[in-house]
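Asks: Take a look at the letters that make up each chain.
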Amino acid sequence: MSKLPLEGIRVVELTTGAAGPTVARVLCEFGAEVIRCETRLRGDGHRGEDPAKWNKNPDFMKLQRGKKSFTVNMQTDKGRRLVRELVKISDVLVENYGLGILEKWGLDWPQLKEINPSCILIRVKGMGCSGPHAPDLTYGPNVGNTMATTYLWNYPGATTATAEPRTQHPDFMGGVTGAFGVVLALIQRKKTGRGQWIDSAQVEIGASLLGPKYLEYSVNKREPKPEGNRSLVAAPYGPYQCKGNDRWCVIAVYAQDEWERFSNLLGKSGLKADPKFATHLGRVRHKEELDKWVTSWTLQHDPYDVMNLVQGAGICAAVVQDVEDQFKRDVQYAATGFLVKMTEPEAGDVVTENVPIRFSETPGKVRGLAPMMGEHTHEIARDLLGLSDKEIAALEDEKVLY
Amino acid sequence: MTEVNQLPPLTGYRVLDLAGPLGFHCTKLLADMGADVVKVEPPGGDEARRVPPFKDDSAHPEKSLYFLHFNTNKRSVTLDVEKPDGRAILLELARKADVVIETYSPARREELGLGYQQLSAGNPGLVHASITPFGETGPWRDYKANDIAGIALGNLLYLAGEPGEPPLQPPGEIAYGMASTYGAFGIAVALYHRLESGRGQHLVVSMHECAGHIAGYFIPNYGYSGAKPARASRKGEETDLYDPYPTKNGYARIFIIPVEQWRRLVDWMGRPPSISGPEFEKMAYRRKNPEIVVGAITEFCNRHTKEELYEEGQKRRIAVTPINTVGEFMNSAQVKARETFVDMEHPVVGKYLHFGPVPRLSESPGRITRTAPLIGEHNQEVYCGELGMSNDDLVALRASGVI
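Protein sequences appear in the order of chains G and L.
At position 261 of the first sequence the residue is numbered 261 (our numbering), and the sequence of numbers has no breaks.
At position 74 of the second sequence the residue is numbered 476 (our numbering), and the sequence of numbers has no breaks.
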């Protein structure tokens, strides 16, 4: 087996929340050594407020698995100096604190490039590093508000605020896109020998998927409205209610031959005989009536039976799974080993998601457990910063390595 | 603005783009970062050219705004890969490529004879990316999945929508988007590895697994405690100050995690007695008393516009954001200041604003240099200029429906 592609790349992480940690986690899975700087002064948002639970939060395990934890107090001059020493011998610095903090710590790009010109700095911010709202305090769900995801994620004609779920795709997609940016900068560094910094705005990364909506506004001068589960290119389309409590299966019929197989499968003579449904146009125009036919069939079946029957006919179908389904009934996740169990020293068994991309030569992987608070402080202080045991003890007493 | 004199980082890399919608965002990310992306369309044009919205609602293959968004910076050739001549030309294009991206199912890839072995023959440095619905193994590997299917399996759809109503699709094809983003990251990693090893490889992305990554912390939490959240509790049954609150003119979200943010919010609200007690400083307590918390905050928000709440809340270091429409976002001060959109012109669509490259590299930034191509716009340039065919060859291929 070849070595992992990013082996030898050292990443220092000064982060909180999810988007910044995700950048470093993704790099870690492909071989980077990630040193997460944190402090006992307070638990990171995902370690939580209570020190007794710092090493027990499953959210934290997901975000930080495979990394090292270096406890250092950035309120102290000595602490900041130690981190600058660490960055001097590192390849990447990942940061996502509020704007101005990195500047204060002497690690923004103008200062960083003086101490390590080949370093790559990525600054992950909700709104980016420039503009009047650069200092905004935002969490993943905030980001979707400004770029119109929240507004658009609703039923047609909805009058309430939102029906969006508690999801944070700007955090996770932002993290992976940021990691993409870092690797591009590493490729560029091979050519130039020099680093650079990356302004990674979660709002822009999330918004980049809404391009067609912005074009509609820009080209047609029209405000796009929530469309719910509407489609003009497929019918039937969307989630259909199945047997059971709040059970649904998505079905999407695009082509005429798919329709023919689908209507045969349903075996409803009235549906097949009705000329209204003979063409795609007819099916789109009479979607509501069509949906009643489809639902009269799906309601008789378990959602997984619907999925397998419809897929068996070569048509797109997918169960609307909840998290329990993902563990117990998703035979694909079970077969590909997507749910990875780690046994953490204090938390016990924790399940997180495997790397969703397979390489034939240099496969990335979950490289280890999430670190306990300060687990690697001594190792890093001794091996990378060259401090003696005595110096380390003194810095701990002074609450610098803390 | 910094003086920039480096070209985008993927300048000089040739990408052969056979991707369907699952890979559109992937090849866009690569094209915006400087790669020369040659998009292979079937002779009638890519299926995305039939996807709305359209300029003036006119369903014309050069007026799809969906196609326009994803295909800036790319070149277009037409090719029927189902025909033997078409496949031979495709393999020739693959020999000159650094990266090939396709979105076939494993069965379809085999049927077309476009596996890694065939594509990389004579080109050992090739990075072949397969962005698939379900990966290459497992019982669902040849199942079909569009974006909403990925969202459904990933536990994003179940949670979206009102209880009692159907689950609700998100805008913006985020399952495709996440699979594409992982694809672009994987390709960059494989190219970096190739700089050291000289060797390419085959990578396979599973949208189904990527969708499992987007849904936040449900998988780790279920595995740990069996917690199984219900569909969007948006009616105040539970709150972590996550909900949007009604204002004078629409909605704003206030999102509180650390205790000092909570204290700042209570101060800003004038310390209403109903929520000023020390017990409310604990998130767990607030969650147990949503009617009190939501009631007080709603009453406060209703007295302000969403913009007032945004400006003043952020000044006070509280994570407040307005629920914007598309137009409100595009016209916002932040978007204008960052020049998030760039001026473009398309021969059929005309002048428009296009979303710029992400993320922003300081020394070798991505750029949007050309608008989306017309169908087969670069046939001659690529087939004659780069594969050395003659004009007669093109006529013959056109006559037989290959291009």
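It is worth saying that the hints were derived from the structure and are not from the lab.
Being a predicted model, the structure only gives us computed values, none of them experimental.
The reader is advised that the hints may include incorrect statements.
To be verified - Within a straight-line C-alpha distance of at most 20 Å, the following computed EDC-like cross-link-like pairs (lysine to aspartate or glutamate) qualify: (1) LYS753(L) / GLU223(G); (2) LYS268(G) / GLU288(G); (3) LYS225(G) / ASP459(L); (4) LYS113(G) / GLU765(L); (5) LYS465(L) / ASP291(G); (6) LYS243(G) / ASP274(G).
Asks: All hints are to be evaluated individually against the structure, with a verdict given for each.
Replies: Results of checking the hints against the structure:
1. A C-alpha spacing of about 18 Å is found between LYS753(L) and GLU223(G), which places the hinted pair at or below 20 Å, so the restraint holds.
2. Between the alpha carbons of LYS268(G) and GLU288(G) the distance comes to roughly 17 Å, so the proposed pair stays at or under 20 Å and holds.
3. For the hint linking LYS225(G) to ASP459(L), the alpha-carbon distance of about 15 Å falls within 20 Å, and the restraint holds.
4. In summary, the hint linking LYS113(G) to GLU765(L) is supported, as the alpha carbons are separated by about 12 Å, within the 20 Å threshold.
5. Pair hint LYS465(L) plus ASP291(G) does not hold up; C-alpha atoms about 30 Å apart against a cutoff of 20 Å.
6. The hinted pair formed by LYS243(G) and ASP274(G) fails the criterion: a straight-line CA distance of about 26 Å is larger than 20 Å.
Against the hints set out earlier in the document, violations occur for numbers 5, 6.
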